[in-house]
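> The residues making up each chain are set out below.
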Amino acid sequence: GNSVTQMEGPVTLSEEAFLTINCTYTATGYPSLFWYVQYPGEGLQLLLKATKADDKGSNKGFEATYRKETTSFHLEKGSVQVSDSAVYFCANSGAGSYQLTFGKGTKLSVIP
Amino acid sequence: GAGVSQSPSNKVTEKGKDVELRCDPISGHTALYWYRQSLGQGLEFLIYFQGNSAPDKSGLPSDRFSAERTGGSVSTLTIQRTQQEDSAVYLCASSLGQGKETQYFGPGTRLLVL
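Residue numbers (my numbering), protein chains in the order written: chain A, 42 to 153; chain B, 14 to 127.
It is possible that some hints are incorrect.
[What the hints assert, rightly or not] With a straight-line cut-off of 20 Å between C-alpha atoms, the simulated SDA-like cross-links for lysine to any residue are:
(1) Lys145(A) with Arg123(B)
(2) Lys90(A) with Tyr117(B)
(3) Lys145(A) with Pro120(B)
(4) Lys148(A) with Ser18(B)
Hints are computed from structural coordinates only; laboratory data are not their basis.
Fair warning: this is a prediction, and the values are worked out from it, not measured in the lab.
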């Protein structure tokens with residue numbers, strides 16, 4: 042079955058620091074990969090996605106590249122802001138499947 | 014346009030009571046999903062509806078949980094004889110179709126069973 046493993050949090054960074062949140066997955070076939078973000082007091086929002094190998098998803102300065110050879114989809118941002126403080130979830134949907142399988146979430150706190 | 018809406022936003026109930034949670038998907042979305050977000054288990058898939066097809070109930074944790082979707086739009090998740098371990102945030106999502114389509118989530122219903 043599908044699974045997603047992402048780095049444990051919480052992660053605390055200073056403003057303008059570089060961010061990496063690691064995510065690896067297992068799935069049959071060629072899944073789609075997603076990063077969702079949950080800001081304090083809000084619902085889950087799609088941050089970015091990639092649907093095939095070597096695709097790069099990007100949004101709001103965040104990027105993640107679908108790496109089939111390492112089964113990874115690490116989230117990166119070159120310079121974080123206080124407003125990026127949130128919980129980040131990596132997820133996949135298996136080929137021919139529709140339910141999302143989520144990682145446990147990584148809480149990011151960015152301090153001024 | 015309007016996103017996915019859920020009601021109520023918060024629900025407090027006593028152990029043993031039944032509860033109904035409602036989801037209004039994005040207009041035109043044929044697929045609807047229910048997930049549960051709890052501290053111990055993270056985000057878990059519960060059930061999936063696609064058009065008029067039979068739902069995929071494989072994620073429902075017990076027979077106390079059921080869901081229906083009337084007219085291919087609004088969905089209701091019902092939990093009978095609630096237990097304290099049912100306390101969680103119940104999330105609804107919808108998408109244009111199945112497979113690689115992006116799922117858009119509602120704000121959730123926070124359920125607390127006393």
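> Would you mind marking each hint as holding or not holding in the structure?
Against the structure, the hints come out as follows:
Among the hinted pairs, Lys145(A) with Arg123(B) is consistent with the structure: their alpha-carbon atoms are about 18 Å apart, no more than 20 Å. The straight-line distance between the Cα atoms of Lys90(A) and Tyr117(B) is roughly 13 Å, inside the 20 Å bound, and the hint therefore holds. Pair hint Lys145(A) plus Pro120(B) holds up; C-alpha atoms about 19 Å apart against a cutoff of 20 Å. Annotation: proposed proximity of Lys148(A) to Ser18(B) is violated, straight-line Cα distance about 25 Å (limit 20 Å).
Violated hints amount to a single one, hint 4; each of the other numbered hints is respected by the structure.
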